[in-house]
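> Protein sequence lines, in the order shown, are assigned to chains P and V. Residue numbering for the first sequence follows our numbering, beginning at 1 and increasing consecutively. Residue numbering for the second sequence follows our numbering, beginning at 1 and increasing consecutively.
Hints should not be assumed to be uniformly reliable.
To list a few chain P residues with every Cβ distance to chain V over 10 Å, as calculated [stated by the list, open to error]:
hint: 1; residue: H81
hint: 2; residue: Q90
hint: 3; residue: P96
hint: 4; residue: H97
hint: 5; residue: R118
hint: 6; residue: D127
hint: 7; residue: A133
hint: 8; residue: R138
hint: 9; residue: E167
hint: 10; residue: Q181
hint: 11; residue: P226
hint: 12; residue: D227
Some, not all, of what chain P presents toward chain V, calculated at C-beta under 8 Å [claimed, not checked]:
hint: 13; residue: Y20
hint: 14; residue: F39
hint: 15; residue: P107
hint: 16; residue: R111
hint: 17; residue: T337
Distance ranges between label pairs, derived from CB positions [stated by the list, open to error]:
hint: 18; chain 1: P; residue 1: S19; chain 2: V; residue 2: I45; range: 54 to 64 Å
hint: 19; chain 1: V; residue 1: L232; chain 2: P; residue 2: H97; range: 19 to 29 Å
hint: 20; chain 1: V; residue 1: L232; chain 2: P; residue 2: E117; range: 58 to 68 Å
hint: 21; chain 1: P; residue 1: H189; chain 2: V; residue 2: L232; range: 50 to 60 Å
hint: 22; chain 1: P; residue 1: S19; chain 2: V; residue 2: W410; range: 54 to 64 Å
hint: 23; chain 1: P; residue 1: D127; chain 2: V; residue 2: L35; range: 46 to 56 Å
hint: 24; chain 1: P; residue 1: G22; chain 2: V; residue 2: K31; range: 52 to 62 Å
No lab work stands behind these hints, which were simulated from the structure alone. Predicted model, so just to flag it, every value in this text is computed and none were measured. Glycine residues also receive a C-beta, built at the ideal position from the N, C-alpha and C atoms.
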Amino acid sequence: MADAASNDGFVVFDRVQKSYDGETLVVKDLNLSIARGEFLTMLGPSGSGKTTCLMMLAGFETATHGDIRLDGQPINNIPPHKRGIGMVFQNYALFPHMTVAENLAFPLEVRKIGKSEREAKVKRALDMVQMGAFGGRRPAQLSGGQQQRIALARALVFEPELVLMDEPLGALDKQLREHMQFEITRLAHDLGITTVYVTHDQTEALTMSDNVAVFDDGRIQQLAPPDLLYEKPENSFVAQFIGENNTLEGVVTEMKGDTCIVKLDDGEVIDATPINVSNVGDRTLVSIRPERVEYNKDRLQQGVHTLKAEVLEFIYMGDIFRTRLRVAGNDEFIIKTRNAPDVERLTPGQQIEIGWLPADCRALDT
Amino acid sequence: MSDMTDTSGPVLAADGTPLKRSLAKALRRQKLRALMLIAPLLLFILVSFILPIGDMLYRSVENKIVVNTLPRSVEALSGWDADSGELPDEAVFAAMAADLKEAYEARAHTRVGSRLNYEYPGISSVFRKSGRSAGRFDLESGGPWKDVLIDLDDGWADQGVWRTIQTYSPPVTSGYFLNAVDMRVGPDGAEMRPEAERIYMNLLVRTLWMSLLITFSCIVLAYPVAWLLANLPTRQANLLMILVLLPFWTSLLVRTSAWKILLQQQGVINDILVWVGLVDDNARLIIINNQFGTIVAMTHILLPFMILPMYSVMQTIPPSYLRAAKSLGATEWTAFWRVYFPQTIPGIGAGSILVFILAIGYYITPALVGGTKGTFISNQIAFHISTSLNWGLASALGAILLAVVLVLYWAYDKIVGIDNVKLG
Ligand SMILES: Nc1ncnc2c1ncn2[C@@H]1O[C@H](COP(=O)(O)OP(=O)(O)OP(=O)(O)O)[C@@H](O)[C@H]1O
Ligand SMILES: [Mg+2]
Chain P
1 MADAASNDGF
11 VVFDRVQKSY
21 DGETLVVKDL
31 NLSIARGEFL
41 TMLGPSGSGK
51 TTCLMMLAGF
61 ETATHGDIRL
71 DGQPINNIPP
81 HKRGIGMVFQ
91 NYALFPHMTV
101 AENLAFPLEV
111 RKIGKSEREA
121 KVKRALDMVQ
131 MGAFGGRRPA
141 QLSGGQQQRI
151 ALARALVFEP
161 ELVLMDEPLG
171 ALDKQLREHM
181 QFEITRLAHD
191 LGITTVYVTH
201 DQTEALTMSD
211 NVAVFDDGRI
221 QQLAPPDLLY
231 EKPENSFVAQ
241 FIGENNTLEG
251 VVTEMKGDTC
261 IVKLDDGEVI
271 DATPINVSNV
281 GDRTLVSIRP
291 ERVEYNKDRL
301 QQGVHTLKAE
311 VLEFIYMGDI
321 FRTRLRVAGN
331 DEFIIKTRNA
341 PDVERLTPGQ
351 QIEIGWLPAD
361 CRALDT
Chain V
1 MSDMTDTSGP
11 VLAADGTPLK
21 RSLAKALRRQ
31 KLRALMLIAP
41 LLLFILVSFI
51 LPIGDMLYRS
61 VENKIVVNTL
71 PRSVEALSGW
81 DADSGELPDE
91 AVFAAMAADL
101 KEAYEARAHT
111 RVGSRLNYEY
121 PGISSVFRKS
131 GRSAGRFDLE
141 SGGPWKDVLI
151 DLDDGWADQG
161 VWRTIQTYSP
171 PVTSGYFLNA
181 VDMRVGPDGA
191 EMRPEAERIY
201 MNLLVRTLWM
211 SLLITFSCIV
221 LAYPVAWLLA
231 NLPTRQANLL
241 MILVLLPFWT
251 SLLVRTSAWK
261 ILLQQQGVIN
271 DILVWVGLVD
281 DNARLIIINN
291 QFGTIVAMTH
301 ILLPFMILPM
311 YSVMQTIPPS
321 YLRAAKSLGA
331 TEWTAFWRVY
341 FPQTIPGIGA
351 GSILVFILAI
361 GYYITPALVG
371 GTKGTFISNQ
381 IAFHISTSLN
391 WGLASALGAI
401 LLAVVLVLYW
411 AYDKIVGIDN
421 VKLG
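Just chain P, same shape as in the assembly (with noise of 0.2 Å):
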């Protein structure tokens, strides 16, 4: 995704390159453009660089090869404290000296803004957050989630352009995780903020955002929006990384346009869409969402290859049936049915065919 540093993006991360030791390269040719407004979640597994690049972009450390652009303006020119970047940390680092309204406060103070206008703020902040009774607690007298809403709060409360934030929900659980994601998106989309979101929980990343940046090895694997990062990952990594997958080894031989043959290893062939193949003879990974999989004989489409597989497990969700089965050696092949009065219930050992679109199942790099 080299090309997504375009010039006229509100922060501008162009060819970025982070070192700490002088020996290993964090991050490695980052290149991100993020427009005005918009939410975008960094994603990817610990210690991909994520935090790195939240730092760089908050002024915190310096790129070691690169530009940072905050509307047009390299960020190295601007001192931290003139950059207006709201941040929630990891941590929340609320001051612990201080009550709640003398956190939120302290902005404000800075900016050496009235006491009137600056209660004012406080409260309204306050509001926001559903926190307007706890102005006078210390954060040591919080609960987690409420720490977490504060830290939002003062983010927020001196209205800057842009917020990052550092796996703020880390420490929540679920039930409150659920809700603050609700409440995050929707004051960012209210005010209008664009927002980096840093998180390595990939439902995070999918229900809240506008873009999702995945992040591995230093580098942006793939920038897109939820659905597409979902249905259509452009390498292996990004299968694997978002959502449940089921992974298939196998060579090309042969291509048709936009549909290709793949044989796997054990001698079945199947078809796919080619994403990262190109020849015949390339090695691939190919890749299929559980819920793509059909094993119903009628609604196969005509002409497709098939599988044999062996039913080895039948787990009942509720809503959903999570059935695994061995197919051309891989004892982990899941598939999903929906629980509908007409969806078959598999038995363990039962004897099966399957099959799916080409389009849903894509053959990646390995």
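Starting from the known structure of chain P, arrange chain V with the ligands on it as the hints suggest.
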């Protein structure tokens, strides 16, 4: 099970006893076990700390020596009116002769003499001289004792001697404490000593003031060092830590003597200043054997006690607070002053209490580099303990010092709050 708590009456444990009682029993057993664990420490503290302090407090008011050595005279004197302008009558002198004879035989006459000499200078020679002859007194046929005693030493004709004996005859006295605050018992009760004899109050004020100065200079010097310790990469921080701890591994005397070499008039610092031309050779700075010398040497010696608590507090402050402050729009200075500094106050408090209390009781260093102007009250205490042997006065001074520390501690608790003090 929630309906259990709703039933009226005491909640019962499984065996039918009230829950509260069985809980208390369980806790008591636990406490007893804990107490047994710390018993050796408790015993040690009792023997080496509480008892000596108790003994010191007792000695600062104890005065049995007079009534024990001169029981007859004390009783006979009780009828004498010190303000009558006349010497006591013959009966008192006779009692004194008997007491002196007995005291001489017990070799106690010089001791009571030096005890009373603290209150009335000159009295010890009266006792010493008459005691020597008292061994030969013939109590039956000697006398009249008034003439005999006054013949031996005309101190016995001095009303002040008798007044002193009378005043200090009770077994408990406030004399040591009065002395420790530069007062004495005069004809009209407690009064200030003459200007020239006042030492201790000035010394106490000087001790407090210089301890404050030392504490303050420790804060100023220790803060940046502690900050560096907390923020340098581990390797450099460890090295710096060793440098900070190094003084603990060298003898106190060696360090103090090193300051003597550095600061004396022909010393290293003066030599350098003269060589650079900042100071004229004939006007070398006097920076030792005065208050300045004491402050410099003691600041150096007590510095680690300030650095360590500060460091341990700073270490717990994550760098994200400063980053957060800056991202919220604070300049470096504002971020430091409004966010970092307030969080280090517990460390400053802990270090200050430690250094101040250590400083107030220090005596080796002031004795070596303080000259006459830079000594502390502890030097006087040491003097009275080991040289003048006036343990009562030393105890009273010690008790006052203890009281001052406790008062300051209390004030600190009121103003800053003692739970704001963090040692780690
Ligand atoms: N101050 C530093 N000095 C040296 N190396 C660092 C420093 N900070 C991070 N790294 C290294 O840089 C790499 C990327 O770190 P980064 O914190 O950006 O990861 P991350 O994607 O935020 O991971 P996580 O999801 O666990 O927070 C890691 O290998 C880490 O060890
Ligand atoms: Mg991180």
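> Please go over all the hints and tell whether each is borne out by the structure.
Here's how the hints hold up against the structure:
no., hint, verdict
1, H81, "5 Å, violated"
2, Q90, "8 Å, violated"
3, P96, "7 Å, violated"
4, H97, "5 Å, violated"
5, R118, "13 Å, holds"
6, D127, "20 Å, holds"
7, A133, "23 Å, holds"
8, R138, "13 Å, holds"
9, E167, "13 Å, holds"
10, Q181, "22 Å, holds"
11, P226, "28 Å, holds"
12, D227, "33 Å, holds"
13, Y20, "12 Å, violated"
14, F39, "19 Å, violated"
15, P107, "4 Å, holds"
16, R111, "6 Å, holds"
17, T337, "42 Å, violated"
18, P/S19 - V/I45: 54 to 64 Å, "56 Å, holds"
19, V/L232 - P/H97: 19 to 29 Å, "25 Å, holds"
20, V/L232 - P/E117: 58 to 68 Å, "42 Å, violated"
21, P/H189 - V/L232: 50 to 60 Å, "44 Å, violated"
22, P/S19 - V/W410: 54 to 64 Å, "56 Å, holds"
23, P/D127 - V/L35: 46 to 56 Å, "54 Å, holds"
24, P/G22 - V/K31: 52 to 62 Å, "58 Å, holds"
Of the numbered hints stated above, those contradicted by the structure are hints 1, 2, 3, 4, 13, 14, 17, 20 and 21, listed in ascending order.
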